[in-house]
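**Q** Sequences are here, hints too, so could you generate the full structure?
For reference, the chains in residue letters:
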Amino acid sequence: MDKVFKALADPTRRDLLDRLRAENGQTLGELCARLAMTRQAVTKHLVLLEEANLVATARRGREKLHYLNPVPINEIAERWIGKFESGRLQALSDIKRALEEGTGESR
Amino acid sequence: MSKPKFVYVTYIRTTPEKLWAALTDPQTIRKYWFGITAQSDWQPGSPWSLKFEDGRTADSGEILEAVPGKRLVIRWRNEFKPELKAEGWSRCTMEIEMAEYYPDFGGKAAKLTISHELEGEGTKLVEAVSGGWPKILSNLKSLLETGDVAFER
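Those protein sequences? They're chains A and B, same order as listed. Taking this note's numbering, I'd label the letters of the first sequence as residues 1 to 107. Taking this note's numbering, I'd label the letters of the second sequence as residues 1001 to 1153.
Do not rely on the hints blindly, as some may be mistaken.
[Unchecked claim] No more than 20 angstroms apart at the CA atoms, straight line, and that leaves these computed lysine to aspartate or glutamate pairs for EDC-like: (1) A:Lys-64 x A:Asp-94; (2) B:Lys-1005 x A:Glu-85; (3) B:Lys-1003 x A:Glu-75; (4) B:Lys-1111 x A:Glu-23; (5) A:Lys-6 x A:Glu-75; (6) B:Lys-1005 x A:Asp-2; (7) B:Lys-1005 x A:Glu-23; (8) B:Lys-1111 x A:Glu-50; (9) B:Lys-1108 x A:Glu-51; (10) A:Lys-6 x A:Glu-23.
Derived by calculation from the structure, the hints in this document are not laboratory data.
**A** Given below as structure tokens:
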């Protein structure tokens, strides 16, 4: 779990996860094309995300596709959110989203 | 076949044999899949279906590949929501391998990779399926490692 928190502690890596969430299954080239960063820097971040199991990969021919893997984040939720709390927390998230709609993304 | 719509990976402190049993035993599946269970004899070419507790069919399909402890490929279609059924067939691949992950478990764990591809176009089926997998996988991991599930529903 240390690796997950360490990986998530960096805004660039969270940005990479957001990009995969918006469009899953991107190649390194596709991810680099939309970032003002060198290929090497992006690769380094992806390695850390893969080691934390936040990014999963699949091969298609010679291409390596990157996918957002939310399973470790779910495990974090499961550790601190009680069995019967999820309904109430969902309601809170829904209220927050409804009230904040149009006021920009909350981070 | 297009590229996978999603790929999920979880590492579980268990053996490939126990993980395979958890993926194919109807009584075990029910424990981590929120009451839904699967019916099949898990032989290539055999029918496969997911059933609700009341016996209705949630999804149906066919086993395409089955290598115990290693690889399971299912041709999969939704049966209970017309808009999802209309999107047609998908293909779900489950792969098991031993991997380095837990330093405190001899450094080894069973790595389960689940990916889903659509044969045609569409997004609703994949959205529906992908919304469920992270919780199902957390439950499966928790069940195999601790004997209890994390989420009841």
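**Q** Does the alpha-carbon distance linking B:Lys-1005 and A:Glu-23 stay inside the 20 angstroms limit?
**A** The given pair, whose Cα atoms are some 9 angstroms apart, holds under the 20 angstroms limit.
**Q** Would you check the hint for A:Lys-6 and A:Glu-75, treating anything up to 20 angstroms between C-alpha atoms as holding?
**A** holds, 15 angstroms
**Q** Can you confirm whether the C-alpha distance between A:Lys-64 and A:Asp-94 stays at or below 20 angstroms?
**A** violated, 36 angstroms
**Q** Take a quick look at whether B:Lys-1003 and A:Glu-75 sit within 20 angstroms of each other, Cα to Cα.
**A** violated, 27 angstroms
**Q** Assess, step by step, whether the Cα of B:Lys-1005 is no farther than 20 angstroms from the Cα of A:Asp-2, and give holds or violated.
**A** violated, 28 angstroms
**Q** Take a quick look at whether B:Lys-1111 and A:Glu-23 sit within 20 angstroms of each other, Cα to Cα.
**A** Status violated; Cα separation ~24 angstroms.
**Q** Holds or violated: B:Lys-1108 and A:Glu-51, Cα atoms, limit 20 angstroms.
**A** Cα-Cα ~14 angstroms, so holds.
**Q** B:Lys-1111 and A:Glu-50 were given as a pair; does the straight-line alpha-carbon distance stay at or below 20 angstroms?
**A** holds, 13 angstroms
**Q** Under the criterion that the straight-line Cα-Cα distance not exceed 20 angstroms, is the pair B:Lys-1005, A:Glu-85 satisfied?
**A** Distance of about 30 angstroms is beyond 20 angstroms: violated.
**Q** Has the given pair, A:Lys-6 with A:Glu-23, been kept, meaning a C-alpha gap of at most 20 angstroms?
**A** violated, 23 angstroms
When held up to the earlier numbered hints, the structure conflicts with 1, 2, 3, 4, 6, 10 and fits the remainder.
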